[in-house]
Amino acid sequence: MIRLAVLLAVWSILGIIGAWLADSGMVSIAWKDYDIRVHGGLLVGGVVVILLLTVILFEIWHWLLGLPGRRRERKRHERQTTGYHALSQGMIAAAAGDAVAAAMHSRQASRLLEDEPATLLLSAQTAQLEGKEDVAQLRFKDMLEEPETRFLGLRGLLADAVQRGAYEEALTLAREAHSLRPSTPWVLTTLFDLLTRAELWKEAMEVVNQIGRLKLFDHDELQRRRALLHHMMAEEALDDDRLEDALAYAREANRRFAHFSPSTVLAASVAAALGRAGQARKILERGWELAPHPEIADAYARLEDGEDPSSRLRRFARLESLQPGHALTHVVMAELAMAAGEWKTARKHLDAALERDPTAGVYRLYADFERESGSGHEKARSWLAKTLDAQPDDCWVCDDSGEVLPEWHLYGPTGRFDSVRWQRPPKIVRLAAGQRPAYALPHEDLGETPHPPRGPLERLRQISRLDRPDPAN
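Quick note: the sequence shown uses this note's numbering, first residue 1, plus one each step.
The set of hints was computed from the structure by calculation and includes no laboratory data.
One thing to keep in mind: the hints can contain errors.
The list that follows gives simulated cross-link-like pairs (lysine to any residue, SDA-like), each with its CA atoms no further than 20 Å apart [claimed, not checked]:
no.	residue 1	residue 2
1	LYS348	ALA380
2	LYS202	ALA248
3	LYS202	GLN223
4	LYS344	ASP308
5	LYS386	ARG371
6	LYS427	ASP357
7	LYS348	ALA360
8	LYS202	ARG164
9	LYS386	PRO406
10	LYS141	ASP160
11	LYS215	ARG256
12	LYS141	ARG164
13	LYS202	LYS141
14	LYS348	GLN323
15	LYS202	THR189
16	LYS202	ASP239
17	LYS141	GLU203
18	LYS282	HIS259
19	LYS282	ALA248
20	LYS344	HIS377
21	LYS427	PRO406
22	LYS386	PRO426
23	LYS427	SER373
24	LYS202	MET232
25	LYS202	ASP241
26	LYS348	LEU322
27	LYS344	ASP305
28	LYS202	ASP160
29	LYS282	SER321
30	LYS344	PRO309
31	LYS386	LEU354
32	LYS348	SER311
33	LYS215	ASP245
34	LYS427	LEU388
35	LYS215	ARG226
36	LYS202	GLU252
37	LYS379	ASP394
38	LYS348	SER373
With the hints as constraints, model all of the structure from the sequences given.
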């Protein structure tokens with residue numbers, strides 16, 4: 001409807017103009033001795049035609065003048081299109097690991113796209129594929145000069161530094177990358193890893209908190225990492241003889257990750273060293289109730305000095321009441337009953353342990369029971385024979401390599417953070433140096449000391465009564 005109204009209005013205006021021109025009369029022009037008379041409509045039409053011709057000639061002239069520039073622009077566009085195609089093909093070849101194709105496309109892209117920063121990245125990746133690490137480093141350093149590629153240059157240099165094991169240099173680069181893009185996930189995780197390697201626990205905690213705000217990890221993983229950092233702060237405070245700080249950090253680690261036995265044992269050990277035996281006992285009992293562990297039983301056994309085996313067996317009834325159905329509870333009670341000479345009680349617990357979790361350690365302990373109770377070596381050998389087909393006992397295992405470790409470490413043999421977990425290993429495993437099948441409590445007949453030093457606890461055990469050799473053993 002609107003179009004029709006506009007069309008009628010236009011035709012009406014044109015009709016009015018045409019009628020006016022038709023009746024516009026004559027136009028007289030006097031010039032020197034000439035008197036020129038022309039119809040008004042014809043004069044207006046002539047002027048319009050002349051104007052149109054002038055415009056057309058001007059446009060033709062302008063087009064002719066711009067022809068060389070347009071040809072140059074077309075060539076530049078074709079060159080740019082070819083260059084970007086070579087760049088994209090080079091990136092694809094680099095991602096596919098085709099060094100020859102990547103090098104060819106890199107040279108073509110660098111020649112056609114002289115001012116394109118992305119060609120530096122392709123050149124660096126190509127150099128890496130060709131094994132020219134020094135050339136790759138130069139290209140990454142060149143990328144630092146361009147704002148568009150500075151972050152990528154830092155990432156390349158950072159990856160190279162980590163690969164070379166230059167962790168101090170890598171930490172400096174990671175901090176710079178973090179200042180440029182503080183919310184990038186790989187920057188945060190890499191920075192965290194490098195900070196923990198440098199034992200900068202508090203700064204690493206700040207990074208974990210930022211990761212938490214960005215919700216890059218789930219709640220359980222965040223709590224676990226915070227707990228591990230608090231545990232390492234406790235060990236650091238212990239090394240500096242700051243026992244109160246060590247206890248506070250260990251308790252915080254224990255609060256955040258109550259199933260982590262090293263923090264439970266560390267907190268109890270420091271509490272005992274400070275003369276707070278009651279607090280130490282409660283910490284260990286709480287840890288046992290949540291997750292029974294041989295290290296907790298070991299620490300609990302040493303809370304009392306000069307304790308005879310029978311008294312210790314009665315005292316451990318408290319732990320038994322907290323986890324009466326757990327296989328490890330029966331293993332520990334069987335060991336204590338054997339030390340006290342209460343063979344019926346020991347057999348009862350051994351049978352219960354076999355029923356719940358017949359591991360190689362239980363069979364081995366049963367062999368000791370038969371030998372020490374006077375049943376004879378033949379029965380002991382029959383139990384030992386069963387260890388060959390039995391499931392192994394839980395121990396500290398590297399998730400990545402499957403290697404069995406004698407104690408927990410923040411980094412596993414593969415170098416990954418928090419890769420050592422308490423779990424059941426496969427039947428065929430690689431044992432770390434010095435690792436032997438272990439009982440829940442120390443056994444001197446295996447050549448073990450009553451309480452072998454373990455990392456940061458060694459100094460504490462020199463001043464704590466938890467470490468005093470027990471005459472009962």
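Hint-by-hint comparison with the structure:
Simply put, LYS348 and ALA380 have alpha-carbon atoms about 17 Å apart, close enough for the 20 Å limit, and the pair holds. Between LYS202 and ALA248 the CA atoms are separated by roughly 15 Å; this keeps the pair inside 20 Å, and the hint holds. Taking the CA atoms of LYS202 and GLN223, the gap is near 15 Å; set against the 20 Å cutoff, the hint holds. Distance check on the hinted pair: LYS344 and ASP308 sit about 19 Å apart at the alpha-carbon level, within 20 Å; holds.
About 16 Å separates the Cα atoms of LYS386 and ARG371, which keeps this hinted pair within 20 Å; it holds. Distance check on the hinted pair: LYS427 and ASP357 sit about 15 Å apart at the alpha-carbon level, within 20 Å; holds. Simply put, LYS348 and ALA360 have alpha-carbon atoms about 18 Å apart, close enough for the 20 Å limit, and the pair holds. Between LYS202 and ARG164, the direct Cα distance comes to roughly 26 Å. Violation of the 20 Å bound is thereby established for this hinted pair.
This hinted pair does not check out: LYS386 and PRO406 have alpha carbons roughly 24 Å apart, beyond 20 Å. Of the pairs offered as hints, the one joining LYS141 and ASP160 holds, with about 12 Å between alpha carbons and a cut-off of 20 Å not exceeded. Simply put, LYS215 and ARG256 have alpha-carbon atoms about 18 Å apart, close enough for the 20 Å limit, and the pair holds. Between LYS141 and ARG164, the direct Cα distance comes to roughly 17 Å. Compliance with the 20 Å bound is thereby established for this hinted pair.
Of the pairs offered as hints, the one joining LYS202 and LYS141 is violated, with about 31 Å between alpha carbons and a cut-off of 20 Å exceeded. Taken as a hint, the LYS348 and GLN323 pair is honoured in the structure, with Cα atoms around 16 Å apart against an allowance of 20 Å. Between LYS202 and THR189, the direct Cα distance comes to roughly 15 Å. Compliance with the 20 Å bound is thereby established for this hinted pair. Of the supplied pair hints, the one linking LYS202 and ASP239 holds, its CA atoms being roughly 16 Å apart against a limit of 20 Å.
A C-alpha spacing of about 27 Å is found between LYS141 and GLU203, which places the hinted pair above 20 Å, so the restraint is violated. Restraint check for LYS282 and HIS259: the C-alpha separation of about 15 Å stays at or below 20 Å, so the hint holds. A distance of roughly 15 Å separates the Cα atoms of LYS282 and ALA248; the hinted pair therefore holds under the 20 Å criterion. A hinted pair counts as satisfied when its Cα atoms are at most 20 Å apart, and LYS344 with HIS377 qualifies at roughly 19 Å.
About 17 Å separates the Cα atoms of LYS427 and PRO406, which keeps this hinted pair within 20 Å; it holds. Taken as a hint, the LYS386 and PRO426 pair is honoured in the structure, with Cα atoms around 17 Å apart against an allowance of 20 Å. Between LYS427 and SER373 the alpha-carbon distance is near 30 Å, which puts this suggested pair outside the 20 Å criterion. Between LYS202 and MET232, the direct Cα distance comes to roughly 10 Å. Compliance with the 20 Å bound is thereby established for this hinted pair.
Taking the CA atoms of LYS202 and ASP241, the gap is about 18 Å. The hint holds against a cut of 20 Å. With a CA separation close to 18 Å, the supplied pair LYS348 and LEU322 stays within the 20 Å bound. In summary, the hint linking LYS344 to ASP305 is not supported, as the alpha carbons are separated by about 27 Å, beyond the 20 Å threshold. For the proposed pair LYS202 and ASP160, the alpha carbon gap of about 26 Å is over 20 Å, so the pair is violated.
Using a Cα cut-off of 20 Å, the hinted pair LYS282 and SER321 holds, with the two alpha carbons roughly 14 Å apart. Restraint check: the Cα-Cα separation between LYS344 and PRO309 comes to about 15 Å, which is no more than 20 Å; the hinted pair holds. For the proposed pair LYS386 and LEU354, the alpha carbon gap of about 12 Å is at most 20 Å, so the pair holds. Restraint check: the Cα-Cα separation between LYS348 and SER311 comes to about 19 Å, which is no more than 20 Å; the hinted pair holds.
Using a Cα cut-off of 20 Å, the hinted pair LYS215 and ASP245 is violated, with the two alpha carbons roughly 30 Å apart. The straight-line distance between the Cα atoms of LYS427 and LEU388 is roughly 9 Å, inside the 20 Å bound, and the hint therefore holds. The straight-line distance between the Cα atoms of LYS215 and ARG226 is roughly 14 Å, inside the 20 Å bound, and the hint therefore holds. In summary, the hint linking LYS202 to GLU252 is supported, as the alpha carbons are separated by about 14 Å, within the 20 Å threshold.
For the hint linking LYS379 to ASP394, the alpha-carbon distance of about 25 Å lies beyond 20 Å, and the restraint is violated. Of the pairs offered as hints, the one joining LYS348 and SER373 holds, with about 14 Å between alpha carbons and a cut-off of 20 Å not exceeded.
In the structure shown, a violation is registered for the earlier hints numbered 8, 9, 13, 17, 23, 27, 28, 33, 37, in ascending order.
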